[in-house]
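> If you read the sequences in order, they're chains A and P.
Every letter in the first sequence is one number past the one before it in my numbering, and letter 168, counting from 1, is 168.
Every letter in the second sequence is one number past the one before it in my numbering, and letter 250, counting from 1, is 250.
Everything labelled a hint here was simulated from the structure, so no lab data went into it.
For glycine and all other residues, C-beta sits at the position ideal for the given N, C-alpha and C.
Check before you lean on any hint, since a few could be wrong.
Computed list of lysine-lysine pairs in BS3-like fashion (alpha-carbon distance at most 25 angstroms, straight line) [said to hold, decoys possible]:
#1 P:15 x A:254
#2 P:223 x A:2
#3 A:6 x P:126
#4 P:219 x A:6
#5 P:126 x A:2
#6 P:15 x A:252
#7 P:127 x A:2
#8 P:270 x P:223
#9 A:92 x P:127
#10 A:253 x P:21
#11 P:102 x A:252
#12 P:102 x A:92
#13 P:15 x A:92
Covered by chain P, according to a simulated footprint, are these stretches of chain A (three or more residues, beta-carbon under 8 angstroms) [as the list claims (entries may be wrong)]:
#14 3-14
#15 84-96
#16 99-106
For each label pair, taking beta carbons as the anchor points, the in silico distance ranges come out as [claimed, not checked]:
#17 A:178 x P:217: 52 to 60 angstroms
#18 P:162 x A:253: 34 to 42 angstroms
#19 A:249 x P:66: 23 to 31 angstroms
#20 P:2 x A:178: 46 to 54 angstroms
#21 A:234 x P:18: 44 to 52 angstroms
#22 A:93 x P:216: 42 to 50 angstroms
#23 A:5 x P:180: 25 to 33 angstroms
#24 P:2 x A:128: 54 to 62 angstroms
#25 P:127 x A:238: 37 to 45 angstroms
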Amino acid sequence: MKTLFKKELLDNKWVVLISLVFILLFTIFTASYFMHNPDPIIENAKLTNRTIDTMLFNSWYMSGVFTGLGGPGLIFLISAAFLGTAIFGKEKQNNSFNFLFTRPASRLKIFLVKILAAILAMVIIIFLPAIFIPIFKIIANQSISFLSFFIAVLPVFFGYLAIFSLSLLASVITNFRRWAIIIALFIPMVWNYSFIALTAVVEDSQKVLRFIFDRIFFNLNWYTDYQIGYIPFVVGIGIAIVCCSLSYLIIKKKEY
Amino acid sequence: MESAIQVIDLRKFYKTFEALKKITFDVKKGSITGFIGRNGAGKTTTIKILMGLLYKDSGRVYINGLEVEGDTHRIRSHIGFMPEDFSLYPQMSGWQILNFNKGFFGNINIKKIKKYAEAFELDLNKKISALSKGMRQMLSIIVAVSTDPGILILDEPASGLDPVMRHAALELLSEECSEDGATVFYSSHILEDVEKIVDSVVMIDQGNILFSGNLDDLKERRKKIIVTFKTNIQEQMLNQIKGVVRVEKNLNSYVLDTFGDTPEILNELKNFGLKSYEVIHLNLDNLFIETVGRVN
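Required output: the full structure, derived from the provided sequences and hints.
Written as structure tokens, this is what we have:
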């Protein structure tokens, strides 16, 4: 199965490279700004009771034209959709299911290896550029904490894991990669903005609504604002598990 | 002889259309068996069920004594498979796809690969996207045989090849069986090719098995006999002879389609005042057309 894993990594290389190039531009921009003047960040973190890691990651992640959906966030979204739809969409495009599924490996094993390779690509896309956080902290003479680093980055990772798995499911259902990408990009966007609009109208229920929907994917303040602890992890992983399981069942039952 | 592939009462529906109607046949170990039938007869459906790409509705399928039940991947480690609508990853080269395949099977026979590549005049360093359809088909055959499988299941392996390459492919497949003791089960429309290398045939039409067994036996049993009689004979009387399938009257003679023991049929004919006879041996092409025609 190593060869399949390697092949999948190589297949994903362009999505990873292109995403990293764009994200790096944002990272340079954000990091240079903070490094030029680190004090307000540290002050702000103390005032809002957030960690410097979360503060930095938030500012970096949200930098862009749309709140919560700009800058690296948009690139994460697009790359998650591309990676999710590529897993079986490319096999469909190449008409290679009857080759792959007649090798002596179970469909479950093939499915898991493909998913793992795509998740590794997502880890690289999301975690690698975030290395600027510890670098910044070293420059700003702050102590590095792996825990606060992961707490800052993981919610985004799990949010995009959910989008990735939605894309996977869409590609398995539709069989057409282009449609799957459109669906995968469209659903979270509609989801996000409709709930931003909804919470603006019904302010009292905002905690519940944003809690369940909006914040799962796009808002990183969950940890410090609401102290909701493990919920985004559970919801993100929950959506990912449900979508991946459904995708697997479809792949398993499907005839080729 | 032990069975490599055993299919018992296999049934498959596509919605309400019954593609396989309780078919039963047997492929002996070490044999080359041709799986022949018209378009839509059920050949690819059967092969896909053998490989776990399609799920059966009822019946049993055994490969090397192990039951094929959906995604039975362990059985596949002994099978070299080439699908009809084959497709390999276009971004890979020939060697890359062979090494990719090795990752699943654990080994590849480099010597054999080189022998096949040489026979097919195929450059394995070329990317698959740069290969013609015929060349890709040849590569697909190489991928199937590269792991020294005990069973080769090939769906129309030579349909896109030119006559020279087709000949080379058939020779190599024949060697595969005689030298390595592999079982070859392959479907084809080109009956002339099938006849050259097979020792058994499975004939399928409209989801029914018309014949399954040794090709020589079939040829021995299925013949045309042109007969003349000393006196006038009723066609109906000839039809009642055991082994006579169909009777056609020409000017002074009768053409009998027979399926059975020829000397016995001739003995019966003598009772009607047989004047002369000529036994015509059929080739696979004729046998197939006659058999399918008879059923239809």
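> If any of the earlier hints don't hold here, list their numbers in rising order.
Structure breaks hints 2, 4.
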